[in-house]
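Got chain A sorted already, so can you dock chains B and C onto it with the hints?
Protein chains in written order, with our numbering: chain A, 1 to 116; chain B, 1001 to 1242; chain C, 2001 to 2109.
Heads up, a few of these hints could be off.
One-sided excerpt, in silico: chain A residues whose CB lies under 10 Å from chain C [claimed, not checked]:
#	residue
1	Gly78
2	Leu113
3	Asn114
Derived PhoX-like pairs (lysine-lysine); straight-line CA-CA distance at most 25 Å [as the list claims (entries may be wrong)]:
#	chain 1	residue 1	chain 2	residue 2
4	B	Lys1011	B	Lys1101
5	B	Lys1235	B	Lys1186
6	B	Lys1017	B	Lys1082
7	A	Lys6	B	Lys1101
8	A	Lys94	B	Lys1082
9	A	Lys6	B	Lys1239
10	B	Lys1186	B	Lys1082
11	B	Lys1186	A	Lys6
12	B	Lys1239	B	Lys1186
13	A	Lys94	A	Lys6
14	B	Lys1239	B	Lys1200
15	A	Lys6	B	Lys1082
16	B	Lys1200	B	Lys1235
Here are the computed distance ranges between Cβ atoms for each label pair [what the hints assert, rightly or not]:
#	chain 1	residue 1	chain 2	residue 2	range
17	B	Ile1100	A	Trp89	36 to 46 Å
18	B	Asp1112	A	Trp89	24 to 34 Å
19	B	Pro1028	A	Tyr15	29 to 39 Å
By construction, these hints were calculated from the structure, which means they are not laboratory data.
Computed from a predicted structure; not experimentally measured.
C-beta atoms are modelled at their ideal positions from N, C-alpha and C, and glycine is treated no differently.
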Amino acid sequence: MIKGIKGHRNHPLWYAYALHRVSGLALVLFLPLHFYVLSLALTQPQRLDAFLHWTEIPAVKFAEMGLVFLLSVHLLGGIRLLVLELLPWSPRQKTWAAVAAGGALFVSGAFLLNAV
Amino acid sequence: MANTNDTMTVKVWRGDKNGGAYQQFVVPRQDNQTVLDVVSWIQQNQDPNLSYRFACRVGMCGSCAMMVNGTPRWTCRTHVNKVLDANTLVVAPLRNLPPIKDLVADMDPFFDKWIDAGGHHDPSASRYDAMPQIAPDDAQRAVANESIECINCAVCYAACDTVAHNENYLGPAALQRAWTLYNDEKVNDTDAVLAAVSGKGGCHNCHSQGSCSLYCPNELNPMRAIAGLKAATIKHQLKRGR
Amino acid sequence: MNIRLYMAQRLSAIIMIPLVFGHLGVMIYAIQGGLSAGEILSRTQGSVFWFMFYGLFVIAVSVHGAIGLRTIMSELLRWNDIALDAIMWGFGLLSIFMGARAVSAVTWL
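Looking at chain A on its own, in the form it has when it is part of the complex (with noise of 0.2 Å):
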């Protein structure tokens, strides 16, 4: 197979660029529905709730630990980057971007667990 004119972006701190984005973009576009779901307590009680029974399907809570998924992602992702640019170099970028990446893996399964 020809790697194709993109063939620059196949290593490891290019995807970890790439997941930061993506959580980010995902995180932002969820969190007017976050606000506006916790809203109803003031509102709508009766709303709120069912609403959180409609997150006890399996589905829903899947989708719930991916949201889990990205915010741990984005938050450990992003403290690597903020050591990056503000402390002392540490070369073990690669390093870092992985334990980044399993540590939201980590998290978003121990939410999986406790959820079912």
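Only chains B and C this time, still in chain A's reference frame:
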């Protein structure tokens, strides 16, 4: 010539600023053969109209960089063995720069940004002053030394997706140069260096994708230099705020 | 992106590090045995701590998200500066407003 083990397929981008397409050539394989050798063979044996740029052929001048199978490379020091994929080479002009003709990219934006990032010498003393004494093992000099081997080949500039997505972004090479100047004791106004890299296209646009440091043929680390600029600009801004 | 947006982005990120760790902990703890409005409200209502915690969180995430959205729109869709500033302020203010409503809904007595 048929495409056998003794030959390889080479797709070369032909065109100009208005567009172009890949033209296929079959080129003999040699044991020791660089990508620049391949391009030269095509120009000498198949199509004398093929335009490309090179000078020193030993990795010093920085003029022969091209996209090879999607990745920017200095072609004179890139062996075909290392990059051949499915017995095929795809050779194109450097990414993120306007093509002039065939494999020749217009380097003007790259060098314009080099100047915009403060890439010129603003001396702190005149010829009548004594030369400043800088110890080779001075910590700041060591930081400046890390980046001085840049040959302006623009491989990092072509590798960077932030450059691709943001036409104002100064790019890895120019910002790395600014970091060198910032750490050079002979530079008069380091505040001006920081100001030049703090604007709309400045160092703060960098997303630390690291392609610059991965593909730099001289194994320099522009990502680290840009991180240094980010920290230095923050420190400067906080000091000024007080 | 310029230095002021960059610093606001990084400062809001630093503020959120302990907040997100706390939020993740609360989520993993609270999901056990299912969620109900009564359970959430009994934990948070009338609590000055959770009001401060999530109040600060809403401000920081609105700043951080608005600047992030501006950067993505700039690089992906190449909007001009006026459109970029409009979406940044629009999203940021909407997020602070909706977030303030959510926080007051779950922490106010």
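These are the hints, each one checked on the structure:
1. Gly78: 5 Å, holds
2. Leu113: 9 Å, holds
3. Asn114: For Asn114(A), the interface hint holds, since the closest Cβ of chain C sits about 5 Å away, which is under 10 Å.
4. Lys1011(B) to Lys1101(B): 15 Å, holds
5. Lys1235(B) to Lys1186(B): 21 Å, holds
6. Lys1017(B) to Lys1082(B): Violated. Lys1017(B) to Lys1082(B) sits at ~30 Å, over the 25 Å cutoff.
7. Lys6(A) to Lys1101(B): 21 Å, holds
8. Lys94(A) to Lys1082(B): With Cα atoms ~23 Å apart, Lys94(A) and Lys1082(B) stay inside 25 Å; holds.
9. Lys6(A) to Lys1239(B): 42 Å, violated
10. Lys1186(B) to Lys1082(B): Distance of about 42 Å is beyond 25 Å: violated.
11. Lys1186(B) to Lys6(A): Roughly 41 Å separates the two Cα atoms, so the pair is violated.
12. Lys1239(B) to Lys1186(B): Answer holds: Lys1239(B) to Lys1186(B) is near 23 Å, not above 25 Å.
13. Lys94(A) to Lys6(A): The given pair, whose Cα atoms are some 20 Å apart, holds under the 25 Å limit.
14. Lys1239(B) to Lys1200(B): The given pair, whose Cα atoms are some 21 Å apart, holds under the 25 Å limit.
15. Lys6(A) to Lys1082(B): 18 Å, holds
16. Lys1200(B) to Lys1235(B): Status holds; Cα separation ~19 Å.
17. Ile1100(B) to Trp89(A): 36 to 46 Å: Holds, since Ile1100(B) and Trp89(A) (Cβ atoms, about 38 Å apart) stay within the stated range.
18. Asp1112(B) to Trp89(A): 24 to 34 Å: 29 Å Cβ-Cβ, so the 24 to 34 Å window holds.
19. Pro1028(B) to Tyr15(A): 29 to 39 Å: Holds, at about 38 Å.
Hint check: violations occur at hints 6, 9, 10 and 11; the rest are consistent with the structure.
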